[in-house]
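Model the full assembly from the supplied sequences, consistent with the hints where possible.
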Amino acid sequence: MAFFLQQLINGVTLGSIYGLIAIGYTMVYGIIGMINFAHGEVYMIGAFVAVIVFTVLASVGGMGVVGGLLLVLIAAMAITAAYGWSIERVAYRPLRRSFRLAPLISAIGMSILLQNYVQLSQGARIKPLQPIIEGGMILMDRGGFAVRLSYIQIFIFLLTLALMAAFALIIAKTPLGRAQRACEQDRTMAALLGVDVDRTISLTFVVGAMLAAVAGVMVTLYYGVIDFFIGFLAGLKAFTAAVLGGIGSLPGAVLGGLLIGLIETFWSAYFSVEYKDVAAFAILVIVLVFLPTGLLGRPEVEKV
Amino acid sequence: MSAAAADDFLPRAAKEAAATALMVFVLGVLIVGARTFDDGGGHLAIEWRMQVVAMGAALAALGRVGILFWRRHDPGPGLAEKWRPAAAALDRRMGWLIWLGLGFALALPALPFADRYVVDTAIQVLIYVMLGWGLNVVVGLAGLLDLGYVAFYAVGAYSYALLAKTFGFSFWICLPLAGILAAFTGVLLGFPVLRLRGDYLAIVTLGFGEIIRIVLTNWVDLTGGPNGLSGIPRPSFFGFPFTANPPEGSTSFHELVGLDFNPMHRIVFLYFVILALALVTNYFTQRMRRLPLGRAWEALREDEIACTALGINPTNTKLSAFAIGAMFGGFAGAFFATRQGFISPESFSFFESALILAIVVLGGMGSQVGVVVAALVLVVLPEWFRAFAEYRMLVFGAGMVLIMVLRPHGLVADRAPTVRLHG
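Residue numbers (my numbering), protein chains in the order written: chain B, 1 to 304; chain P, 1 to 423.
Note that these hints are calculated values from the structure, not bench results.
One thing to keep in mind: the hints can contain errors.
Some chain P residues close to chain B (C-beta under 7 Å, calculated; not the full set) [stated by the list, open to error]:
| id | residue |
| --- | --- |
| 1 | Leu27 |
| 2 | Ile67 |
| 3 | Leu145 |
| 4 | Pro408 |
Derived contacts from chain B toward chain P, CB cut-off under 8 Å, selection only [stated by the list, open to error]:
| id | residue |
| --- | --- |
| 5 | Tyr83 |
| 6 | Tyr117 |
| 7 | Ser121 |
| 8 | Tyr270 |
| 9 | Phe271 |
| 10 | Leu296 |
C-beta: ideal position from N, C-alpha, C; glycine also.
What follows is the structure in structure tokens.
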């Protein structure tokens with residue numbers, strides 16, 4: 001029981017991170033119907049910005065943990081927002097009227113480009129970071145096995161919840177959210193009614209990138225090591241999460257992220273660590289075969 | 001161009017250049033400008049390189065102004081339009097060019113500049129040509145986006161390695177077996193997923209590619225795990241080995257034909273084997289396109305609903321394309337294993353899948369000649385860039401984006417169905 005509870009906590013933490021990345025996939029897919037393959041790299045860049053800013057702060061000093069964290073979050077979000085915008089502008093916008101596979105190929109190229117760009121400028125070795133938020137609380141101690149809930153995990157839950165709430169509010173209440181939903185339903189009609197479609201799509205990429213950046217900061221804090229390759233697998237799993245939840249559905253992305261995080265954690269805990277990635281993909285295949293629209297997705301009717 | 005527009009140009013260009021420079025600066029300020037490195041004590045330290053960022057921003061601004069100037073003086077059709085006459089002219093001479101290329105390929109090992117390095121690179125190119133042609137069946141003809149094609153390549157390679165090492169089968173027995181096993185894997189993987197829509201299929205195949213790689217890495221008893229399999233038997237010339245000192249009782253190739261021993265013999269032999277395999281792949285797919293099944297593939301690519309209405313079973317048709325594509329991947333894998341003599345999961349990463357897909361797409365999906373051109377570009381260019389080995393992959397990724405943006409239908413576009421009603 002104690003072991004189970006511990007795995008549950010770890011799984012939800014990991015799932016929160018996947019969920020934040022998955023939102024970026026699901027939003028972009030909803031609005032332009034393409035898989036933004038480079039999204040995982042944006043998350044990786046967010047993690048790198050976090051490591052760099054933490055290192056700079058450590059060498060300068062004179063800033064508390066809270067101030068430092070805030071600064072890191074702002075820096076990571078600002079810089080990845082620029083990346084999200086540029087990626088769309090350079091690699092996807094020229095291809096918007098092209099055939100369906102063109103943006104996906106371009107996205108794969110972009111992903112390779114960004115990975116190597118970071119590897120060249122920051123080095124191929126892993127980047128360790130000293131723990132920033134330490135300590136935690138012991139929830140239960142039974143038979144020598146203590147269930148720990150660390151402060152960093154609490155921080156991740158709270159931040160994820162706050163972001164989700166803010167994000168849901170943006171989509172539901174603001175003009176940007178309205179424009180975004182309009183473009184999702186019918187881009188041509190939205191344009192006719194005066195919605196600036198290009199701007200809306202750009203902003204969708206920016207918002208998605210910012211959420212991925214937060215996920216990157218969290219991963220840096222949680223694991224303490226990153227390298228230039230983390231974006232690939234995390235991106236793949238977050239996409240799996242988006243599909244599992246029903247692509248195009250925002251609550252679905254979060255739910256899918258949590259499920260993937262839990263499945264991965266429990267699989268590693270009870271079966272084998274080596275095959276945890278296999279478990280995630282196997283789930284993806286099973287869901288797609290038996291539930292092609294995902295858990296919360298709307299069925300898509302293809303018209304002749 | 002009117003005077004007013006001309007007057008307008010400079011401020012606009014300045015503004016755009018400034019915006020570009022600012023953007024590049026923001027992009028680079030931390031990732032490029034602050035390099036983190038280990039200070040030796042397990043902590044990170046920062047090395048500032050703002051001059052690099054400033055240089056990048058200045059270059060980007062200059063580039064932006066350059067593009068604006070170019071567009072202003074040449075507001076005509078885009079780059080793709082300009083290519084069209086050249087492409088059409090190329091098309092008319094295509095028949096000649098194909099024979100010329102084939103003649104060149106056959107004569108290559110005899111040409112004066114063909115040293116070991118050149119032939120080795122040519123083998124490399126041909127492997128990718130063959131993989132490209134195999135994947136072309138799946139992506140180009142049937143319109144199924146497969147991001148895990150490397151899985152079949154891996155199955156072929158490991159099948160050959162294990163069969164040859166465990167049972168001592170020769171290359172020519174293992175080759176069809178490897179193809180059959182890969183095709184079987186294709187059917188097995190394809191069966192549950194082929195009813196999915198395009199993008200989903202892409203991700204699921206990508207997942208399968210990763211699963212195969214993870215299994216190869218972790219099933220240490222069978223596959224040797226991350227260390228891979230070494231000592232894979234080399235091919236022999238139909239039973240006559242390419243060795244200086246053949247084992248007792250057998251004749252080596254150089255004794256058979258009465259030449260002095262030369263290690264090039266084996267490489268040239270390998271070259272002709274892969275050339276033959278690639279040509280068989282090409283011939284087979286070209287014939288398939290004329291069969292009802294091949295027509296069904298292309299029809300499915302164009303409109304699945306119409307096909308279903310006409311009584312074509314989409315799942316079986318797709319499955320056949322998937323299996324045939326997988327079979328050629330398996331052949332190529334077996335060849336790869338025998339050529340390298342050593343295989344490990346590292347050779348079958350997602351990057352290989354992306355590279356093969358890039359070859360198919362950049363070549364213009366469905367075009368056989370395009371695959372050759374794209375394979376040449378994508379394999380030979382990085383060889384030239386070997387001096388800048390670090391930047392190879394960066395250039396590769398940038399090239400992929402650039403070619404897609406400038407020529408989204410590939411270098412040699414040929415997507416027209418083989419038959420068409422009403423022109």
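These are the hints, each one checked on the structure:
1. Leu27: holds (5 Å)
2. Ile67: Cβ of isoleucine 67 (chain P) sits 12 Å from chain B, so the hint is violated.
3. Leu145: holds (6 Å)
4. Pro408: Hint on proline 408 (chain P): holds, closest Cβ of chain B at ~4 Å, below 7 Å.
5. Tyr83: holds (6 Å)
6. Tyr117: Holds, because the Cβ-Cβ distance from tyrosine 117 (chain B) to chain P comes to roughly 6 Å (cut-off 8 Å).
7. Ser121: Since the shortest Cβ distance to chain P is 5 Å, the answer is holds.
8. Tyr270: Nearest chain P Cβ about 17 Å off; hint violated.
9. Phe271: violated (12 Å)
10. Leu296: violated (16 Å)
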